[in-house]
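Q: Spelled out, the chains give:
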Amino acid sequence: MAIWIILGIVVVFGLYWVSQYNALVRLRNWIEEAWAQIDVQLKRRYDLIPNLVETVKGYAKHEQETLQKVIEARNRLVSGGGRAEQMAANDQLSGALRSLFALGEAYPDLKAQEGFKKLQEQLEGTENKIAAARQLYNRTVMQYNTKLESFPSNIVANVHGFKRSEMLEAAAEERKAVRVEF
Amino acid sequence: MLLHAQIESNKRKTVLLVGVFLLLFIAVGAAFGVVTSDSPTMGIIIAGVIGVVYILLMTRAGTQVVMAMNRAREITSEDENPFLWNTVEALAIAARVPMPKVYIIDDPSPNAFAAGMTPENAAVAVTTGLLERLNRQEIEGVLAHEMAHVQNYDVRLATTAVALVAVIGLLSDIGYRWMWWSGGSRRRRSSGKDNQGEAVIQLIALLLLLLAPLAAVLIQLAISRNREYLADASGAELCRNPGALASALRKIASVSEPVEAASRTCAALYISDPFKKRAFSWFSTHPPTEERIRRLEQMM
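Heads up: the sequence lines are chains B and V, in that order.
Our numbering puts the first residue of the first sequence at 1, with every later residue one more than the last.
Our numbering puts the first residue of the second sequence at 1001, with every later residue one more than the last.
Because the hints were derived from the structure by calculation, they are not lab data.
All residues carry an ideal CB built from backbone N, CA and C; glycine is no exception.
Hints should not be assumed to be uniformly reliable.
Examples of chain V residues lying across from chain B (beta carbon under 7 Å, computed) [stated by the list, open to error]: (1) Pro-1082; (2) Asn-1086; (3) Ala-1090; (4) Ile-1093; (5) Ala-1094; (6) Arg-1096.
Once the Cα atoms are required to be at most 16 Å apart in a straight line, the calculated EDC-like pairs of lysine to aspartate or glutamate come out as [claimed, not checked]: (7) B:Lys-61 to B:Glu-105; (8) B:Lys-117 to V:Glu-1080; (9) B:Lys-57 to B:Asp-109; (10) B:Lys-118 to V:Glu-1080; (11) B:Lys-117 to V:Asp-1079; (12) B:Lys-117 to B:Glu-54; (13) B:Lys-111 to B:Glu-54; (14) V:Lys-1101 to V:Glu-1078; (15) V:Lys-1101 to V:Glu-1080; (16) B:Lys-111 to B:Glu-121; (17) B:Lys-117 to V:Glu-1078; (18) B:Lys-118 to B:Asp-47; (19) V:Lys-1101 to V:Glu-1089; (20) B:Lys-118 to V:Asp-1079; (21) B:Lys-118 to V:Glu-1078; (22) B:Lys-61 to B:Asp-109; (23) V:Lys-1251 to V:Glu-1132; (24) V:Lys-1101 to V:Glu-1074.
Calculated from the model, a selection of chain V residues having no Cβ within reach of chain B, i.e. all distances over 12 Å [to be verified]: (25) Thr-1036; (26) Asp-1106; (27) Ala-1166; (28) Gln-1298.
Here chain V stands alone, though its shape is the one from the complex (with noise of 0.2 Å):
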C-alpha cells in the first residue's frame, strides 16, 4: 500500500478498535448493572462516571511528570544539541504544531518516545545511544514518527485506553465479588418460571465480567500497535524518507540491551519496545519490526 492509502486505513482500524471498545465497555457497564442490582442501564450509568472521572484524572498527568520517570533532562537550547534542536523545530513546522520541549535520557540503548495529551504541552525524548548510533537522516525519522504521534494525539489515545481497561477491571473485580457474597440470598428469593431466563442473564453477565479485562487488554494493545504502523506511514510523510525511519528501526532492533531508565507505563510510547520483549504476540506493545520495515519499504 502506498504512503497515504495506510495512513487512511491506519485510520478506520482505529475507529474500529474504539468502537469496538467502547462497545465492550458499555457491555461490562451493563453486565456489572445486571450482577449488582438487576438494571443495565444502572450499570452503564456507573461505568460512564467512573470511566469519565477515571480519564480525567489520569490525562492530567503533566508532561514533566512522565519525563521525570523515564530520568530524562530537558534541553532549553538551540547550542545544547543544535541538530537535535533544528530537527524537532524543522518537523514541527512540516506538521503545524507547536514546538515540542526535547529531552535527552541518558542511557546506551538508542530509542525514543514522545508525551504530552495536546501538541500545545508536548514533549519528544530520544537516548544518547540513539543520537550516537543512528545517522541524522535515521534520527530525523525517528523524530518524525515521534512527531506523528504528537500530531495525531497519541498519547492521549493510549492513557484513555489505559483508563478504560483499569475501570473495566474495576468493574469485573467488584462485579465478581459482589456475585460471590449475594449469590445465596438472591437464589433463595427468586421462584417461579422467571427463574431460568434470569438465572441465564446472570450467567452471561457473570462470563462477561469474567473475561472482559482480558478482552479489554488485548483490544488496548491492538490500538497501540495500530498507532504504531499509523505514526509510521505519518512520520514517513513528515520526512519524506521511510527508507532512513526503516533503517532506522532496523537498527534499534539490532540493539539487545534495554532501557535502564524506562518507565513499564510508558513503554507503548516508546518508538520501539523499551524492553527487548523478542517474540511478538497479542501482548506485544508495538508490530514487529520486520512486518513495520516491510510496510515502510512498500511507501517508497
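Bound conformation, chain B alone (with noise of 0.2 Å):
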C-alpha cells in the first residue's frame, strides 16, 4: 500500500516538473519570437529608406541635413550591438524620419507625389509592427520573469539554469508620439 502512495507522490510531482520545465520554454521562446517579428520589420525599414531618400532628394535639394541623419540612423540599425541598442538607433531613425515627412509640409509637391505618399505609410506601418511586437516582447518577458521568480517555479528554473531576460525599455511613449494625425 504504502509503495503505491509513493510512486503516486512521485508521478504527480514528475508531471508538476515537467509542466513548469515546458512553461518556461515556451515562454523563452516566445521571447525570441517576439524579437524575430521585430527583426523582420527593422529590415523591412532599413530596406524601404533608400527609396524615400532618391524621392526626397529630387524635390528637396536644399535638405541634405535631414537626409543625412535619416541616413545616419539607418546605419546604425544593423551597425551589431545588442538589442538594446538596435531599439535605440530604431527610436533615433523614428525622430529622423518624423522631420523628413514634415517636409512634406514644406513641398506641396512632394507631399502630393505617390510613392511619397505611399513611402510614408509603409514607413509609418513598420513603426506601428515594431511597436506591437515590442509590447509583445516585454509583456512575454514579464510572464517569464516572474515565473522564473515565484515559488515553486523557480527551484525548476534554477535546476535547470534559466536565466531573467530584459525589457526593452521606453515602447510605451514612443507609439503614442510617431502618430501623424490625417
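Assemble the dimeric complex from its two separately framed chains, guided by the hints.
A: Following this line, the structure appears as C-alpha cells:
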C-alpha cells in the first residue's frame, strides 16, 4: 500500500516538474519569436529608406541635413550591438523620419507625390508593427521573469539554469508619439 | 477597476456563466429523461449526444460563409487599404495570433465584427462608414477590440452558446409534446403511494422544460455581453489606448442608421449592436454603450 502512495507522489511531482519546465521553455521561445518579429520589421525599414531618400532628393535638394540624419540612423540599425542598442537606433530613426515627413508641408509637390505618400504609409506601418512586437516582447518577458521568480517554479528554473530576461525600454511612449494625423 | 483587474474579473464571470449554462443543460436533459422515459440519466445522455453533434455542425460553418452573409468583400493586399492592412497586422503581432483576413462591408453605418472559430482561420470586417467617420486611433481601437475577440476564441464560444440554446429549445419542445400525448396513459398506469412523489417530479420536470428555453437565451446573452466587456478590456491592452476605443464607441453609437447587410445571427459579433436597438434589456446582445465607455475610462 505504502509503495503505491509513494509512487503516486513521485508521479505527480514528476508531472508537475515537466509542466513547469515546458512552460518556461515555451515562454523563452515566445520572447525569441517576438524579437524575430521586431527584426523582420527593422530589416524592412532598412530596405525602404533608400527609396525614400531618392524620392525626397528630387524635390527637396536643400534639405541635406535632414536626409543625412535619416541615412545615419539607418546605418546604425545594422551596426551591431545588443537589442537595446538596436531599439535605440530605431527610435533615433523614427525621430529623423518624423522631421523628414514634416518636409512634406514645405514642399507641396513632394507631399502630393504618390510614391512619397506610399512610403510614408509603409514606414509608419513598420513603426507600428515594431511597437506592437515590442509590447508583446515586454509582456512575454514579464510573464517569463515572474515564473522564474515565483515559488515553486523558481526551483525548476534554477535547476535547469534559466536566466532572467530584460525588457526593451521606453516602448509605450514611442508608439503614441509617432502618429501622424490625417 | 484597472485594466488587468477587469480582464481577470470578466474571465471569472465567463467561467461562472458557462458553468451555470452547462448545469441548466444537464438539468434540461434530466427533465427530458424524466418526461419521456422515467430515466434522467437517459435524458442527459440523449441531450449530450444531440448537443455535441449540433455544436460540431454549427462550428463547421466557414469564415467565408459568415462574411458572405454580411456582404463583406475581402481585401487581399496591402495596397488596397494600407492603413487598415498594417493596423490589423500590427495588432495581430501584439496579440500573438496569425494575421486574420481583412474584409470591408460597403455600408455608411460605422461598425465592425470578427469571425472564425480559431485564430488560424479568423477574419475581421469593417464597414466603409467606420473607415470614413472615425479617426485612425479610433479605428485602431475598434480593430483591437476585434483582435481581442479572435484571441479569446469568442466566436467559438458565442456559436457554441447559440447551439446549446437551440438544443435546449428542441428538447423542451419534444418533451412538452411527449407529455401532452402520453399524459393520459401514464396516469392510468401508475397507482399507489409512489404516485404522488412521481407526480411532483413530473411536474418539476415539466416546469423546467417550459422555462429552460427562456433561461438559456438569457444566459447566452449574458455571456455575449460579458465577452464584449472582456474584448473592450483586452482590446484596450492591445492598442494601449482605452480612450480611443471609448471615443470610437461614442461615435458608433451616435449614428442611428443600422448596418443594412448585417445578418441577424451575427449581431452579437459586431462591436456595437448593428440593428441599433435603443434601450438596454436582458435581451440585449451588447452592454449599454455608456457603461462600456465608463469602464474604459476607468482604465486610463
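Q: Check each numbered hint from earlier against the structure, then list the numbers of those it violates in ascending order.
A: Going through the list in order, the structure violates no hint and respects every one.
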